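Q: Below, each chain spelled out in residue letters.
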Amino acid sequence: MIKWMKEHTLVSLLLCVFLVVVIAGAVMYGLFGGYNNSLDAPAEKTFEVHFVESGDLEEQLQTLCEDEFGKQGLSFTKKEVLLEVDTSTLVSGYDKVLTYTFAESTSSETLQKAADAVNEAVRGQDDLLAADSFASMHVLESKRFYEPAWRGAIALAVAAVVALAYVCIRYGMSCGIAGFAVCVHDMLFTAAIFAVTRFPVYAMAPVLYAGAAGFMSALLWVFLCNRLRPALKEGEGRTSEEIIREVVKDSKKAVIFAAIPFAAAIAVLGIAAFGGATFLILPMLVSVLVPVYSVLFLAPEIAIPIRAAFDRRREKASAKKKYVGKKKAQETEE
Amino acid sequence: MNKIKSAVALFLITVLILGVCFMCAVSFSYGSEGKTFNSIVNMMSKDTYLGNMLADGLVDNYVGGSYSAVYYPEGVISAQEHADNLAGLLEAVEEAEGEEAETRQKAYDDYEAKYAEHGSVYLDKEVACDDDGAVTEEFEAEIEEVYTLLRARLEKIREEGVRLERRDDYTFGITLPDYSGSAAIMLNYFSYTGNVVMGYGSDADSATKLTPADGESVRDYIKGISSGTGATGVSYVAIEFTKKGRELVASWTADATSSSAVTLFFYVGEHSVISLSAQEVINEGTIYASGSGSSAFTESTAKATAVALETALFTAQPETALTIGNAVRTPAAFGDLAYVLILAAFGALIVGMAVFFIIRYRALAAAHLYTFVIWLLTMILLVWGIPMLHFGLDAIAAILLSGTLLCVADVTVFEAVRKEYAAGKTVSAAIKAGYKKCLLPAIDLHAVLALFAVIAFAISLTELQVFALTLLIGVALSALSTIAVSRFHWVALMSFAKDKAAFCNFRKEVREDD
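So the protein sequences, as listed, match chains A and B. Basically our numbering = 1-based index in the first sequence + 786. Basically our numbering = 1-based index in the second sequence + 80.
It cannot be assumed that every hint is accurate.
Each pair of labels, with its calculated beta carbon distance range [to be verified]:
(1) B:Val435 <-> A:Glu845: 16 to 26 Å
(2) A:Glu1032 <-> B:Ala564: 33 to 43 Å
(3) B:Ala105 <-> A:Phe1060: 15 to 25 Å
(4) B:Asp212 <-> A:Phe1060: 44 to 54 Å
(5) B:Ile430 <-> A:Phe1060: 13 to 23 Å
(6) B:Tyr227 <-> A:Ser861: 27 to 37 Å
(7) B:Lys588 <-> A:Ala1040: 16 to 26 Å
(8) B:Gly304 <-> A:Glu839: 40 to 50 Å
(9) A:Pro986 <-> B:Asp249: 25 to 35 Å
(10) B:Ile523 <-> A:Ile809: 32 to 42 Å
(11) B:Ala221 <-> A:Gly910: 17 to 27 Å
(12) B:Ala503 <-> A:Phe1060: 25 to 35 Å
Source of the hints: derived by calculation from the structure; they are not laboratory data. These figures come from a predicted structure and were not determined experimentally. Built from N, CA and C at the ideal position, the CB exists for glycine as well.
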């Protein structure tokens, strides 16, 4: 093993980096019970005021609540006025809910105090009382669904196998196996990066990023294979290692240029979209950068020994075919 | 292709593009009754993160976002309901006099003593907690069962944006996406608890219900429940019977004729969710209920009904009933501007792409832009038209990747043609040779990506499934566009050019003589 690692320094190093990141990701995932899904607000507190719309009641209630929050030293993260709907028809009427969202760490007692104070104030104002205004605080904890995540992981793994089986048929075993290896590497590496960095992501995002990474690595690897195939066919008299290294060296710019539009499109859309969409789109850059790195550095290192092994087998097979018998061989020698 | 043919073809394509662009992007009011034409981009289903108000600006015409409701288990009421009831009783006390006032005061005191405060909810001491307000173990176990049931139902719906939350320890908040098209059915049906019950008769209330013998359950009669949509587009709920169930249904419908139909009812607990009119004897292993008229199932309502029944059949049922509290319309989680900003960002990307192509290829850029616009419009129409798809962040990611793939593929082909031309061929010969050279690699590239997407779509759920399907469509269209559409536009547009090389911004290689 150590001998093999010494002989293949680069690929060993890259695999070590991969293993370290993936193991660290798995540990972090286990320790924190998943990714950092803070964007999905897995736990929060809300302050809700139900009322029936009339005149400037909404503004009055907002002022009342926010004054009370000020007195209690509370600061909310989000404010919304939601429309109540009929549960059978989903049609809205005049009932509304003024909703303030607070961080999970906000004191429930202080929020309850604020709710009591608002209700007390409502009782003192006839118009608010007539509008059935009522304030309450709530502690929310959202529950996760695991089926989409594990089904997604299986889907991506099977998709990688099938897609790269096509590569095996069209470009040869070495390209197929190397392609499968980088595809799986990229998906795991991408997913692990988000677990290690604890970068805030939406619950559904890591599978999506892994899927995008698998797509990109398949794309870039086939792009490279399209250059490798003619070179390997025409490159008689040279070893496949020499040819692969030369093609990869010549194609570095092309692969990077092929990836740049994807990265640019993600960056522009991510930055221009602002707000929540930015947090979902911009991290997808990782799904482009990881495949560029692995296709240029890791995939050739995997493809070369496999190709060499297949070449040796082919040579042996062709040598066997050429066997003409001892006598004839001696005669030819003479 | 000669000039006249090219002109006619390009004119027709341009008119078509403009027409579809108009349908996709422009909303307006017309007529004296203030009717509204909403663009496809406006009407397209949107996920819970994105949302958009339709052109006529009515509140109920908001597309996207979600609906949320709170389920209260038996023995739990909201602080508002508690306060309202107490206020009503107090008002009654104040209005009464003498003995009546004492009776009403007692009712008030009893009500006040009946409930224990638990944060923002009140717990009934007879059901949920003891006199000191400590929640009983039985009630805790009931709540866990409710949670398991709701979780099973929401997970089986397999739609993105579905959310289940525990509120104030003993109530449950559920959020269902607007695009599902069956949020009302789900809000109601998912609150039903109890086992599946079969019955027959003339109406749901007076129907004769199956009473399983000792040691039997309804699972001895029903094997499974699922939903689907047939080739004719009719959605149904399929109920598969055991041998015993089949015989029972046959006996119930033995006297059914077209003039005196027998209605079969399927309940979840006390609530009828399917009624099926039989006009002849039903002696089938599986029956398919599709509803009729306004109560005909859609794909999503059939799925919601099947999930409610299936979970009632196979999941442990809590004894507690659930009451739906307030339900609210939740607009897009990213705010109302998010959708417009994303469209604007796409616009900026398209402009950037156009500038790059014009600088690099001059007039040839028009061939790519024609192709790209056709690709984009087809994507919009398909995302709008395919019921499973909706415009969400997963679809955006897929459109972004497949759109960029089309651009990269076109650039690769253009560069191959440029090389052929530089090597000494005429422009027409270079196009032919360039496309020939790129055909197989392009097919291979798109085939690998399409395979990846199709497998991911077949196995995955929710977000990844939408992403994979959109990607599959995008990649397939990209392949078609690169191989055929782009080339057609190139040839058609180039037929007007006097200097074809200048049209493409191609130059011959300058060779120095020795």
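Q: If a hint holds in the structure, say so; if it doesn't, say that too.
A: Going through the hints against the structure:
1. Against the hinted window of 16 to 26 Å, the Cβ-Cβ separation of Val435 of chain B and Glu845 of chain A comes to about 47 Å, which falls outside the hint.
2. With their beta carbons about 34 Å apart, Glu1032 of chain A and Ala564 of chain B fall inside the hinted range of 33 to 43 Å.
3. Look at Ala105 of chain B against Phe1060 of chain A: about 21 Å separates their beta carbons, and that is inside 15 to 25 Å.
4. For Asp212 of chain B and Phe1060 of chain A, the hinted distance range of 44 to 54 Å is satisfied, since their beta carbons lie about 52 Å from each other.
5. With their beta carbons about 18 Å apart, Ile430 of chain B and Phe1060 of chain A fall inside the hinted range of 13 to 23 Å.
6. Between Tyr227 of chain B and Ser861 of chain A, the C-beta spacing of about 32 Å keeps the proposed range 27 to 37 Å intact.
7. In this structure the hint that Lys588 of chain B and Ala1040 of chain A lie 16 to 26 Å apart at CB holds, the actual value being about 23 Å.
8. Taken as a hint, the range 40 to 50 Å holds for the pair Gly304 of chain B and Glu839 of chain A, whose Cβ atoms sit roughly 47 Å apart.
9. At roughly 26 Å, the beta carbons of Pro986 of chain A and Asp249 of chain B sit within the given window of 25 to 35 Å.
10. One distance hint, 32 to 42 Å for the beta-carbon pair Ile523 of chain B and Ile809 of chain A, holds here, with the actual separation near 39 Å.
11. Our hint of 17 to 27 Å for Ala221 of chain B and Gly910 of chain A is violated, since their Cβ atoms are close to 43 Å apart.
12. For Ala503 of chain B and Phe1060 of chain A, the Cβ-Cβ distance of about 48 Å falls outside the hinted range of 25 to 35 Å, so the restraint is violated.
Checked against the numbered hints above, the structure breaks hints 1, 11, 12 and satisfies the rest.
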